[in-house]
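Trainee: Protein chains in written order, with numbering that gives the first Met the number 0: chain A, 0 to 623; chain B, 0 to 164; chain C, 0 to 100.
Mixed in with the good hints, there may be bad ones.
Here are the computed lysine to aspartate or glutamate pairs in the DMTMM-like style, where the Cα-Cα straight-line distance is at most 25 Å [said to hold, decoys possible]:
(1) B:K85 <-> C:E93
(2) B:K85 <-> C:D91
(3) A:K170 <-> A:D546
(4) B:K20 <-> C:E93
Hints in this document: simulated from the structure, not taken from any laboratory.
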Amino acid sequence: MSGPVLAAVLAQAAPLAACLTILIGLRARPRAAAGLATLSLVVALGATAYLVVVVAVPNVHWVAQTTWLPVADGPALAFGVFFDPLAATMSFVVAFITLAVMVYSLGYMAGDPGFARYFGFLALFAWAMLGLVLASNLLQVLVFWELVGLASFLLIGFWFEQSAPAAAARKAFLMTRAGDVGFLLGVLLLIRALGNATIPDVIAAAGPAGIFSPRFTATVAILLLMGVIGKSAQGPLFTWLPDAMEGPTPVSALLHSATMVAAGVFLVARLHGFFAAAPEVMRGLLWLALVTALATATMAMVAEDIKRVLAYSTISQLGYMLMALAAGSVTAGFFHLTTHAGFKALLFLASGIFIHHAHSNEMRVIATKQPRSQRAGVIGLVSGSLALAGVIPFSGYFSKEAVLATLGHNAGTAALALAYLGAGLTAYYTFRMVWLTIPVGAVGAVVTAHHEPSGGDRAMAASVLVLSALTLVLGYLGGWLAARLGHEGVEHGPFAFGAGPLVALALVAAGIALAWVEFGRRGAARAGFAERVPALRDFFGDNWYLDRLYGATLVRWGTALSRAARWHDHTVLDGASDGVASGTVWGGRILARVQGGYVQAYVAVAISLIAALGVWLVRRGGLP
Amino acid sequence: MVFAGSAAMALFGALLAVGLKNIFHNILGFALAMLGVAGVFLSLGSDFLAAVFVLVYVGAVAIAMVYAVMLSYPLDLPQRRRSVPKIAAAALLAAIVTGALWLVVRRAPWPPPLGAPDDVAPAQTGYRFLTDYVLAFELISVLLVVAMMGAVMVARRTREGGSGR
Amino acid sequence: MTVASYLFVAACLFGIGLYGLLQRRSLVAMLIALELMLAAVSINVVALTTLAGRDGSLGQVVALILVGVAASEAAIALSLFVAIHRARHNIDVEQLSELTG
Chain A
0 MSGPVLAAVL AQAAPLAACL TILIGLRARP RAAAGLATLS LVVALGATAY
50 LVVVVAVPNV HWVAQTTWLP VADGPALAFG VFFDPLAATM SFVVAFITLA
100 VMVYSLGYMA GDPGFARYFG FLALFAWAML GLVLASNLLQ VLVFWELVGL
150 ASFLLIGFWF EQSAPAAAAR KAFLMTRAGD VGFLLGVLLL IRALGNATIP
200 DVIAAAGPAG IFSPRFTATV AILLLMGVIG KSAQGPLFTW LPDAMEGPTP
250 VSALLHSATM VAAGVFLVAR LHGFFAAAPE VMRGLLWLAL VTALATATMA
300 MVAEDIKRVL AYSTISQLGY MLMALAAGSV TAGFFHLTTH AGFKALLFLA
350 SGIFIHHAHS NEMRVIATKQ PRSQRAGVIG LVSGSLALAG VIPFSGYFSK
400 EAVLATLGHN AGTAALALAY LGAGLTAYYT FRMVWLTIPV GAVGAVVTAH
450 HEPSGGDRAM AASVLVLSAL TLVLGYLGGW LAARLGHEGV EHGPFAFGAG
500 PLVALALVAA GIALAWVEFG RRGAARAGFA ERVPALRDFF GDNWYLDRLY
550 GATLVRWGTA LSRAARWHDH TVLDGASDGV ASGTVWGGRI LARVQGGYVQ
600 AYVAVAISLI AALGVWLVRR GGLP
Chain B
0 MVFAGSAAMA LFGALLAVGL KNIFHNILGF ALAMLGVAGV FLSLGSDFLA
50 AVFVLVYVGA VAIAMVYAVM LSYPLDLPQR RRSVPKIAAA ALLAAIVTGA
100 LWLVVRRAPW PPPLGAPDDV APAQTGYRFL TDYVLAFELI SVLLVVAMMG
150 AVMVARRTRE GGSGR
Chain C
0 MTVASYLFVA ACLFGIGLYG LLQRRSLVAM LIALELMLAA VSINVVALTT
50 LAGRDGSLGQ VVALILVGVA ASEAAIALSL FVAIHRARHN IDVEQLSELT
100 G
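The shape of chain A in the complex, shown without the other chains:
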C-alpha cells in the first residue's frame, strides 16, 4: 500500500478502533474513553494533514479498491479509498473540527453519566464521516452515509430518557431516510447500467464521451439529489434539523453545522462532473436551495432559542453552498463549506459556553445571566457572527463573495438579487442573535467578579479561541484552494472582485444597522420587525407550518397504515396461528374421547377389528 492510501486507511481505522474499544470495554471508565477518542482523532488529523500535503495536484486522484462482493454474472461490488485534493481537504476539515469538538466536550459534557458513551459515539461518527469522504464508490458512500445518519440518531437522542430528544432523533432519522431511498435507487441504477459505482467511472460515463444518455443522467441525478436534500436539510426535508438541536451542543456543532449536513454538499461537489451533465436538474437545485435559504433566514429572524437560530442559519448557508455548486463552481461551493464549518462550529461552541453558564437556551434568559463574564464565549460569538454575516476581513466574507460571484456569472439576475437579499437577512438575524444574547445596556451589563475557571471551562475556551482565530485566517486560503481544486473550464474566476462585493457589503451593513436599531442600542425595544407582526411571527416561527402539513398528511396516513398493519398482524396472522392452535386442541379433545377409560369399549373395538382381520385373512387364503 502506498503512503497516501495507507494514510487514508489509517484516518478511518483509528476512530473505528477507538469507537469499538470504548463502546465494548470502556463504558465504565469515562476518562480513558475520552482520552482514547481524542487520541484517535489526533492520529486521524495527522493522517489527513499528510494527505492534504501529498495530494496536491488537481484532477489527479488515487484509487485503491478490493473486491468485496463478487456477484456471478454481474457487477462485483468493490470497497476501497478514493481521494483527490477535494477529498483530502474535506477529510482534514472533518478531522480538525471533530478534534476541536472533542476537546470542547471534555469540558461541556463533564459530569454527564454517559460521558464514555458520548465519546464512543463521536468516534463512530468520525469513522463514518471520514469513510464517506474517502470512499471509492457510491455504494460505499451510501453505507457510510447511513452510518453517519446512525451516529446522528445516537447523538441527537443522547439524553434518550427524555422524550423530546428521542422524538427528535427519530424524526431526523426518518426524514433523512426518506431522502436516502432516492439515493439508493440512484446507486442501484448506476450499478445496473455500469457494472459498478466507482466514482471516477460514474463521472466519466456521464461525460461527453460516456455511455449514459442525458435522460438517464438526469434521472439518476434527481435520485441522488433526494439523498442530498434529506441529509443537508433543504427543501421539504429540512424540518428535522431545528429539532436536532435537542442533542448536546457540541454534537450540534459537529454534525449539524459543519460536517454531517455538509456531506450532501460534498457529494454534489464530488460528483460535479456527473451533475454538470444534467443542467436542468442543476437549475432546479439552484432554485430549491435559494428558496430554502430565504425561507430559513426568515425563520431565524424570529427564533428565541439560540441554537435554533444557528440551525436555521446552517440550513440557509447550506443552501448557498448548493447554489454555488449548481451554478457551476466547485471551488466556490467548497470554499464556503470550509469557512462555514469553521465559523458555524465556532458559533455553536460559543453559544454552548453561554448555555452551560446560564443553563438555558433562550437568548433572553442568557442575557439576564451576565453573559459578558464569559470572555471566550463573547469573543467566539462576535467573531463567528462577523464571519457569518460576511464582514471583511473575516472568512465568511471571502467565501460568500465567491458564491455570489458565481451566481452573478451563471445564474441570472433574479437569482442573484434574491441571494443578495438573503445575505442582508443573514446579517440581520445574526446580529439580532448577538445583541439579544449579549445586550448592550442596562440588562445584565454589570460584570461581577468571576469564579476561577475550571479545567473543563478552559477546554471549552481553548477550542473556541482557536476557531475564532481561524475566522481571521481562513479567508485568505481561497486562492490556495482554487489552485488545488483546479476544475477546468466551468468557473469564471469567482475571485474577480468588482462591483458585486460592494453591493454585498452595503446590504450587510444595512442588516447590521437594522439589528442595532432594534436590538443593540441602549433603550432598544428588543423586538424585531418580524416579531411585531403576530401572523409573520407564527408563520416564520413554526417552520412555515411545514411540520403541521406533514402531520396532517404524511404522519396521519402513516399512522393509519400502521394501525391497519397492526390490526392485520393481531387479527389475521395471530388469529390464524391461534386458530391453528385452538383447532388442534379441539381436535385433540375430540380424539381423546376414543380413550374414555372404559375398558369394555376398548375390548369391543379390538375384538371387532381382530375378527374382521381374521375373516379377511381366511378369505384370502392365509397370510401372504
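Please arrange chains B and C on chain A, whose structure you already have, making use of the hints.
Mentor: Then chains B and C, alone, in the frame of chain A:
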C-alpha cells in the same frame, strides 16, 4: 355322546355364568361350564387335560373368585339398572363374531373324520414338555412364581391400610 | 364327531364369553367371561391337533400352557380387584373410567 352332553353342559353353564345377576350364581355357572369343557376334552381323548381343567378351574380359580368377591363386592349398595343399549350392542357384537367364526369353520376343507381319536398319553405330553418345548415349560413356571408373588404383594395391606407396596 | 362340530362349540363358547366381557359391570364377572373365552380357545387347539393335524401332543402342550397362563392371570387379576376395591370401594367398570378426554 360324551361330546354332546359335555358340550351342552358347557354352553349351559356359560350362559348361567354371564346371564345371571347374582355373582355367586355366575361363579357356580362358571364351574359347571368348566366341567362341561373337561368332558369335551375327555371325548377328545385328552384325559389328563380334562383332569387338569377340573383341578385348576373348578378347584382353584372358582374358589379364588369366591374369595375375591367376598372381599370386594359392594353387597350393601343397591344394584344399578342394566342399560338395554349396552346389552343389545354386546349381544350383537358377540353374535357377529360367533357368526364369523362359524362361517370360517363351515367353509374350511376339513379332512374326513377318522373315527374315535386315539388317546394321547400324558407320558408323551410330559416328554414333549421336557424336550421340544422345554422353554415354554420353564417360562410357565417362572410366570407362575411371578404371579404368585405379585398377587400377594398387590393384595397385601400396609400398615396405613392401603394396598401393598 | 367332526372337527367342525368341536369348533362350532368352541365358537359358541367364545361368543358367550365375549358377550359377558362386554356387557357385565362387575370386574369379577368380566374375569369369568374372559376365562370362558380362554377355555374355548383351548378346545379349539386340542380339537384341531388331534382331529385335523398329525401331532396331538402339541395341542396338549399348548392347552396346558394356556391353563397355566389363565390361572396366573386370574390370580393377579383377583388380587388387583381386591386392591381396587380397597382404594375406591367400587369394582364397577363403568365407574372406574377416569381417563376421559
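Trainee: Between B:K85 and C:D91, is the straight-line Cα distance small enough, at 25 Å or below?
Mentor: Between B:K85 and C:D91 the Cα gap is close to 15 Å, so the pair holds against 25 Å.
Trainee: Measure nothing beyond the straight line between the CA atoms of B:K85 and C:E93; if it is 25 Å or shorter, mark the hint as holding.
Mentor: holds (11 Å)
Trainee: Straight-line Cα separation of A:K170 and A:D546 no greater than 25 Å?
Mentor: Holds: A:K170 and A:D546 sit about 11 Å apart, inside 25 Å.
Trainee: Is B:K20 within 25 Å of C:E93, Cα to Cα?
Mentor: Holds - the C-alpha atoms of C:E93 and B:K20 are around 17 Å apart, at most 25 Å.
The structure is consistent with each of the numbered hints, conforming to all of them.
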